[in-house]
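J.: Using the sequences and the hints, build the whole thing.
The opening residue of the sequence shown carries number 1 in my numbering; numbering runs sequentially from there.
Please note that a few of the clues may not be correct.
[As the list claims (entries may be wrong)] Between beta-carbon pairs, the in silico distance windows are: (1) R111 <-> G29: 26 to 32 Å; (2) P122 <-> A17: 16 to 22 Å; (3) R48 <-> A28: 19 to 25 Å; (4) E59 <-> H116: 26 to 32 Å; (5) R139 <-> L102: 34 to 40 Å; (6) R93 <-> G41: 17 to 23 Å; (7) R93 <-> A28: 27 to 33 Å; (8) A71 <-> G34: 25 to 31 Å; (9) A66 <-> L102: 18 to 24 Å.
If you're looking for bench data, these hints aren't it; they were derived computationally from the structure. Because the structure is a prediction, the values reported are computed rather than measured. Beta carbons: idealized from backbone N, C-alpha and C, even for Gly.
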Amino acid sequence: MEKNPTLLVVAAALVRADGAVLLQQRPAGKAMAGLWEFPGGKVEPGERPEAALARELAEELGIVVAEAALAPAAFASAPLGERHLLLLLYLCREWAGEPEALDAAGLKWVRPAEMHALPMPPADVPVVEALEQVLAPPRDGAGDRAR
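T.: This is how it looks when you write it as structure tokens:
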């Protein structure tokens, strides 16, 4: 039996000032080619999740992200063949550089509500709703008791 059948993956919801979130399209030749996903990747043995995500964003998008700019937002747990995938999604509003599709078929800025119409990997789907809630503007009177 494998020592750790759980695959730990980190991803970022890069959020622009206008509220749009960056997605990348998986390239041809890779598993789930053509699907839209949050940029990120695997956590290497001995690597902290935030360090792994900063590394992956530099490799995949050519941007620099400080670990302190990554805020935990949501997670998903899903079967992946013989293994199990645990996806940690971080919110990020600050980075240096302009994102480029260095390891993807394309990039797209979308509103969280628009993500439901895009084909996405199964592990990314449950975090979309959580992301919508995190990014939703506060409602007037939220928290007030009904009288």
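J.: Give a verdict on every hint.
T.: Structure-based check of all given hints:
no.: 1; hint: R111 <-> G29: 26 to 32 Å; result: holds, 30 Å
no.: 2; hint: P122 <-> A17: 16 to 22 Å; result: violated, 31 Å
no.: 3; hint: R48 <-> A28: 19 to 25 Å; result: violated, 32 Å
no.: 4; hint: E59 <-> H116: 26 to 32 Å; result: holds, 28 Å
no.: 5; hint: R139 <-> L102: 34 to 40 Å; result: holds, 39 Å
no.: 6; hint: R93 <-> G41: 17 to 23 Å; result: holds, 20 Å
no.: 7; hint: R93 <-> A28: 27 to 33 Å; result: holds, 31 Å
no.: 8; hint: A71 <-> G34: 25 to 31 Å; result: holds, 30 Å
no.: 9; hint: A66 <-> L102: 18 to 24 Å; result: holds, 20 Å
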